[in-house]
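*Asks:* As a plain string of letters, each chain reads:
There are 2 protein chains.
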Amino acid sequence: MPKRKVEKHAGHLVVIGGAEDREGECRILREFVRLAGGRRARIAIISVASDVPKELDGLYEQAFRRLGAREVHALDVTTRGDANGEEAVLSMGWATGVFFTGGSQLRITRLVGGTRLDTALHRRHEEGLVIAGTSAGAAMMSSVMIVGSSPTMTLRAGVVELGSGLGFLPGVLIDQHFEQRGRLRRLLAAIAQHPHELGLGIDEDTAVVVRGHTFEVTGSGSVTVIDAGGLTHTNLGEVERHELLAVCGVRIHVLPAGYKFDLQNRVPLLEGK
Amino acid sequence: MPKRKVEKHAGHLVVIGGAEDREGECRILREFVRLAGGRRARIAIISVASDVPKELDGLYEQAFRRLGAREVHALDVTTRGDANGEEAVLSMGWATGVFFTGGSQLRITRLVGGTRLDTALHRRHEEGLVIAGTSAGAAMMSSVMIVGSSPTMTLRAGVVELGSGLGFLPGVLIDQHFEQRGRLRRLLAAIAQHPHELGLGIDEDTAVVVRGHTFEVTGSGSVTVIDAGGLTHTNLGEVERHELLAVCGVRIHVLPAGYKFDLQNRVPLLEGK
Chain D
1 MPKRKVEKHA GHLVVIGGAE DREGECRILR EFVRLAGGRR ARIAIISVAS DVPKELDGLY
61 EQAFRRLGAR EVHALDVTTR GDANGEEAVL SMGWATGVFF TGGSQLRITR LVGGTRLDTA
121 LHRRHEEGLV IAGTSAGAAM MSSVMIVGSS PTMTLRAGVV ELGSGLGFLP GVLIDQHFEQ
181 RGRLRRLLAA IAQHPHELGL GIDEDTAVVV RGHTFEVTGS GSVTVIDAGG LTHTNLGEVE
241 RHELLAVCGV RIHVLPAGYK FDLQNRVPLL EGK
Chain X
274 MPKRKVEKHA GHLVVIGGAE DREGECRILR EFVRLAGGRR ARIAIISVAS DVPKELDGLY
334 EQAFRRLGAR EVHALDVTTR GDANGEEAVL SMGWATGVFF TGGSQLRITR LVGGTRLDTA
394 LHRRHEEGLV IAGTSAGAAM MSSVMIVGSS PTMTLRAGVV ELGSGLGFLP GVLIDQHFEQ
454 RGRLRRLLAA IAQHPHELGL GIDEDTAVVV RGHTFEVTGS GSVTVIDAGG LTHTNLGEVE
514 RHELLAVCGV RIHVLPAGYK FDLQNRVPLL EGK
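So the protein lines, in turn, are chains D and X. Each residue of the first sequence is one higher than the last, beginning at 1 in the working numbering. Each residue of the second sequence is one higher than the last, beginning at 274 in the working numbering.
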């Protein structure tokens, strides 16, 4: 738990909370390029989440070239047909790193879920392909994914809409723009429904870099881990939609850059801290 | 723990997260008047926290009269001399309930702390006087009190300013307007410094009604309890001011109206839930 089958040579995942620095020091994007091979990196950009894919493609192409990637290529996927096409699949054979932009996480899963591109991504990831995603591209990493929520300040039943992600990182539930959009209660509501998942609330310009069962935090903000393993009580299931939720006995950890976490045993790794 | 000497006949405390309903159903203020004696209630309003005390006095006088209190009187305390004066002390003998308005919590402790009024409040509370406070009037209830914080979205060292409250409810650290102003990380930062205190984050139009070692939540929002008893790690004390804080192993409970909590044993009381 998380029930993740980790292949020996599986690549890193870089899960970014949105609004990462693309012009300054670029701590997170630089790390992604480094993991994907640095000067030998071949980066594929997948901007299916976005309404303005060309704009984002341009921005990220420029950033990754500036950070030293050898080749950068934006996938042209606007239909499920494209995601089942030869070009998309071949790109996955070519790439050492794939970057999912922000936008709507539902657009990603609707356009890519179950396609040949999806299959190629998983197969290549097991062989070492590094996969990064920011904002919507982060949300879709898990198996259970937050799709959206009614705008509400309080913890209420039925306000968080959940769906299926692409499942690169099962066992977690990711929320992004976490502190900036005050999403603790949204993630708590989701976790109360799925206490077996570990909640990861990722701030803007902040990422978790996952390898195997461990992640390390990088970037300028923090990652809030919500562990409902010790949940002693919730009234979820007893209250009506939009009534206030009670959630008792949840553990949280707030981790800035440099901190590591063991996803399997649900504990921060504190050696040297 | 909390180290509260609870006298057998000590009155209730009504600790309100600010912006309580004063014109509609008035769930919280109605409950305060009821606890203070209902139709026999004699309410003293203390608005020393505010820059516009007369305005607040008028508002609350009207509200408490409408809710059926027999007599309502606003204390005229603008100096420490007033707080040491005969009139203030006599008012405490007369009142069955005291209500502290919002404003600045430091104004309360600076004007009232250690005065004869302060002593009379504590003595009379032990004999049954009900004490309520909203916003700043809630913050000052504890022994360690949040005075203010730099506006920051992230959990950083040294951004929360702590001071001494009037200590009606030792063993806790109260933050108000909790969800509305996104103060989880502010309260976490305070609790990381004082893990022996229990953090109470009270939403607007929400209150905890304390009797002895137990409180019950009332109002339209929730109370977030932060328990750092199981804190496994923090980098506080190692990092510089304004660096990001790590806080590991904190337990939280989010409790809507009707939920009770045992402050001494740090557990929600879930009978019948």
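Bear in mind the hints are in silico, worked out from the structure with no lab data behind them. Glycine included, every Cβ here is placed at the ideal spot set by N, Cα and C. A few of these clues could be false.
[To be verified] Simulated coverage check for chain X against chain D, where a stretch passes if three residues somewhere in it have a Cβ under 8 Å from a Cβ of chain D:
| no. | region |
| --- | --- |
| 1 | 365 to 378 |
| 2 | 522 to 528 |
[Unchecked claim] Here are some of the chain X residues that sit facing chain D, going by a computed Cβ distance under 7 Å:
| no. | residue |
| --- | --- |
| 3 | Tyr333 |
| 4 | Gln335 |
| 5 | Leu428 |
| 6 | Ser495 |
| 7 | Leu517 |
| 8 | Ala519 |
| 9 | Pro541 |
| 10 | Leu543 |
*Asks:* Hint by hint, note whether the structure agrees.
*Replies:* To see whether the hints hold, each was checked on the structure:
1. 365 to 378: violated (count 0)
2. 522 to 528: holds (count 7)
3. Tyr333: With a minimum Cβ separation of about 25 Å from chain D (threshold 7 Å), the hint on X:Tyr333 is violated.
4. Gln335: 28 Å, violated
5. Leu428: 5 Å, holds
6. Ser495: Status holds, d = 6 Å.
7. Leu517: At 4 Å from the nearest chain D Cβ, X:Leu517 passes the 7 Å test, so the hint holds.
8. Ala519: With a minimum Cβ separation of about 6 Å from chain D (threshold 7 Å), the hint on X:Ala519 holds.
9. Pro541: It holds, given that the least Cβ distance between X:Pro541 and chain D is near 5 Å, below 7 Å.
10. Leu543: 5 Å, holds
When held up to the earlier numbered hints, the structure conflicts with 1, 3 and 4 and fits the remainder.
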